[in-house]
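Those protein sequence lines, which keep their order, are chains A and B. Residue numbers for the first sequence follow our numbering, so the first one is 1 and each next one is one higher. Residue numbers for the second sequence follow our numbering, so the first one is 1 and each next one is one higher.
Just so you know, the hints here were simulated from the structure itself, not pulled from any lab data. Even for Gly, the Cβ is constructed at its ideal location relative to N, Cα and C. Any given hint could turn out to be false.
Here are the computed lysine-lysine pairs in the BS3-like style, where the Cα-Cα straight-line distance is at most 25 Å [as the list claims (entries may be wrong)]: (1) A:Lys166 x B:Lys166; (2) B:Lys210 x A:Lys96; (3) B:Lys76 x A:Lys210; (4) A:Lys341 x B:Lys166; (5) A:Lys341 x B:Lys96; (6) B:Lys210 x A:Lys76; (7) A:Lys325 x A:Lys311; (8) A:Lys279 x A:Lys329; (9) B:Lys96 x A:Lys89.
Here are a few chain B residues that face chain A, going by a calculated C-beta distance under 10 Å [stated by the list, open to error]: (10) Gly70; (11) Glu102; (12) Tyr105; (13) Glu143; (14) Leu165; (15) Ala167; (16) Ser175; (17) Asp179; (18) Glu182; (19) Leu184; (20) His201; (21) Lys220; (22) Gln222.
Protein chains: 2
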Amino acid sequence: MNDDEKFTLDERREIAVNKLKSLGEVIIEDVSKDKVPSLSVPSRGTSNIYYDKEKRYYVLGERTGSRSLGNVKQVKKIGQMVYMANFCKDLVSRQKTATIREMYYVSEGWGVDFNTQQESNIVGEDLEVMLGMTREELGLMPEEDGASVYGDLLIGEDDLEINALKAGKSGYTISPTIDEVEFLECNVDRVIAVETMGMFHRMVQENAYKKFNCLIVGLKGQAARATRRFIKRVNTELNLPVYICNDGDPWGFHIAQVIISGSAKLAHVNHSLATPDAKFMGVTATDIINYDLPTDPLKDVDVMRLKELAKDPRYKPEFWQNEIKKMLKIGKKAEQQSFSKYGLEYVVDTYFPEKLEEFEKTE
Amino acid sequence: MNDDEKFTLDERREIAVNKLKSLGEVIIEDVSKDKVPSLSVPSRGTSNIYYDKEKRYYVLGERTGSRSLGNVKQVKKIGQMVYMANFCKDLVSRQKTATIREMYYVSEGWGVDFNTQQESNIVGEDLEVMLGMTREELGLMPEEDGASVYGDLLIGEDDLEINALKAGKSGYTISPTIDEVEFLECNVDRVIAVETMGMFHRMVQENAYKKFNCLIVGLKGQAARATRRFIKRVNTELNLPVYICNDGDPWGFHIAQVIISGSAKLAHVNHSLATPDAKFMGVTATDIINYDLPTDPLKDVDVMRLKELAKDPRYKPEFWQNEIKKMLKIGKKAEQQSFSKYGLEYVVDTYFPEKLEEFEKTE
């Protein structure tokens, strides 16, 4: 979806169908002109991916490659792409979705089926990048659901209205079709996303949603595409500031960073997934020291990862450089649940208020 | 929870608090009689675990061990147990819960803290088995949430009523506190549990909940304790037959089997988790042949696992023995999503109706 324009769900479906059709029309046009059909596909090689300082996330460069029916090696790939586009056109027209796994099996019936799921995923990404749409917009869904959301947000799914405060203690689950839901009413001031469901349940139990008038998002580790899309949407459409609290280790840092700045692998869709204004709240190396948290020593693999992050353009801001250096210096990491050392309520009663005050005073 | 008796949530909390108190009282009584305090703990060694043919799940035998404060090696363990019991008593009295991870960190403040999470988990299981209660009843929760549920079941969580048909496309999430929810109204005839969320979403999209008047349960792989407890409760309290549809491989078989007959490791709580009347619907080796499904060859590790299962008492029924033999013979396995070969709707339009008819005609 282009973030500059707002289309209704029906309009977006129509756009997808038209773009998918145009793929076939390009080929037909070439044939009718007695030209060997070829398609131009933006390159997704590492040399064509760069970090855009203005946008603050990874984007694709201008380089494209071409897939020609005159090239024996590329014939099968074009065939697969056309079949997949046709399958997607059918999906979107019928307002259905399929998992990428299901599509892999459906392709058994095509003359140009895939040898592996990996192969069909790549063609799916080719379609995304050629059409400038996410695969979810083309009806293709990942297997896994997204995060859990708890708080006073009224969500519209078709004719259904769901209040994420009243969907149960485990909250409303972000489904892969998150782009089809509407935000009908929002009565919160901010979003606090946490890495573990353990912390999510702690926050629900301690009434954090009331105390901070926030949405609580339980990321369940690395955020699914649907979760990233949800976070971007609440940030841009509802103007809610987003704070992320993960484990204080390189993996927790990076779960936050992918939400903030996107990933290189998905450079072609980061414009709809990255939330550059989201803030990493903690657990920072500074928190580990200031709150005297129970820690584990950094393992070799943690140290290696921290050094990698230090060189990554997304970690260039001074804040990150300092925290990475500090963590390497103390040689320790801490989990977000380690605040329980001071009692179960401490994280909600003391840590979050102190951090939020710090953030919101500087804004 | 004892399945023969029905207690209200408040009564169950009172029972838990009293049982936890009694643990301390046993020690105080010993001391007041000038005896060296000791506690009797049912043994959880493999020689004390057996498959109960009547009950159709693993149970603990009669053997117990003793933990004595006169034994230097056991002093710390008893100390940990008493601290943990006290912590749980406090949790239950305050109607709170903590994750086992949080408890591990809370124990940092005790003089007898744990070296590893593993160590604290074992003491938690000791408490379960000594008191004859699940750790959830003692306020200790795992990190992860349970399955997703979609269908016409009205659930009561404290003052909140949630219809699992109206909680969103990803359904109602079973939280670790599932024993605290009430089933207020149920308008379905059966439960169909499936291994993957891909299949769950397919069923929601194809209106399987209407077609089969069923609850759809998305297991998300190996079923969490909360999921198993939910399935047992809908089976026994609401008299709903339960059908499980997983991948057609030893791992899919066993995900179903643990729901049906429980695990050896949790022999002491299987009475509240196992659902011996639940049925494995498929994907069977027979299905792979009859439906001519796309397959993968069995790997060595699959073959090994199938041979292990063949010797497991839970797989003694003729049905299982036949299916294991047949799978070994054809040397192939199939995923539940492989029905998509015949189109996305096939699994709901053809496979499920045929299998359900077969099951329900023989009942």
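Status of each hint after checking the structure:
A distance of roughly 11 Å separates the Cα atoms of Lys166 of chain A and Lys166 of chain B; the hinted pair therefore holds under the 25 Å criterion. The straight-line distance between the Cα atoms of Lys210 of chain B and Lys96 of chain A is roughly 17 Å, inside the 25 Å bound, and the hint therefore holds. Note on Lys76 of chain B and Lys210 of chain A: the hinted pairing is violated, with a Cα-Cα distance of about 41 Å set against a maximum of 25 Å. At most 25 Å may separate the alpha-carbon atoms for a hinted pair to count; Lys341 of chain A and Lys166 of chain B exceed this at roughly 39 Å.
Restraint check: the Cα-Cα separation between Lys341 of chain A and Lys96 of chain B comes to about 17 Å, which is no more than 25 Å; the hinted pair holds. Between Lys210 of chain B and Lys76 of chain A the alpha-carbon distance is near 41 Å, which puts this suggested pair outside the 25 Å criterion. Simply put, Lys325 of chain A and Lys311 of chain A have alpha-carbon atoms about 12 Å apart, close enough for the 25 Å limit, and the pair holds. Restraint check: the Cα-Cα separation between Lys279 of chain A and Lys329 of chain A comes to about 23 Å, which is no more than 25 Å; the hinted pair holds.
Under the criterion of a C-alpha separation no larger than 25 Å, the hint pairing Lys96 of chain B with Lys89 of chain A is inconsistent with the structure, at around 50 Å. Hint on Gly70 of chain B is violated. Least Cβ distance to chain A is approximately 32 Å, over the 10 Å limit. Residue-level restraint check for Glu102 of chain B holds (minimum Cβ-Cβ distance to chain A is 4 Å; threshold 10 Å). The interface hint given for Tyr105 of chain B is met, as the beta carbon of that residue sits about 4 Å from the closest beta carbon of chain A, less than 10 Å.
Checking Glu143 of chain B against chain A by beta carbon gives a least distance of about 5 Å; that is within 10 Å, so the hint holds. A hinted interface residue such as Leu165 of chain B counts as satisfied when its beta carbon comes closer than 10 Å to some beta carbon of chain A; here the least separation is about 9 Å, so the hint holds. For Ala167 of chain B, the interface hint holds, since its Cβ comes within 10 Å of a Cβ in chain A; the closest pair sits about 5 Å apart. Residue-level restraint check for Ser175 of chain B holds (minimum Cβ-Cβ distance to chain A is 4 Å; threshold 10 Å).
Interface restraint check: Asp179 of chain B against chain A, minimum CB-CB distance 12 Å, threshold 10 Å, status violated. The closest approach between the C-beta of Glu182 of chain B and any C-beta of chain A is roughly 13 Å, which is over the 10 Å cut-off, so the hint fails. For Leu184 of chain B, the shortest C-beta to C-beta distance to chain A is roughly 13 Å, which exceeds 10 Å, and the interface hint is violated. With 10 Å as the threshold, the beta carbon of His201 of chain B comes within range of chain A, its nearest partner Cβ sitting at about 7 Å, so the hint holds.
Nearest Cβ of chain A to the Cβ of Lys220 of chain B: about 8 Å, under the 10 Å cut. The hint holds. A cut of 10 Å between beta carbons decides the hint on Gln222 of chain B: the least distance to chain A is about 15 Å, and the hint is violated.
The structure fails hints 3, 4, 6, 9, 10, 17, 18, 19, 22 (numbered hints given earlier, in ascending order).
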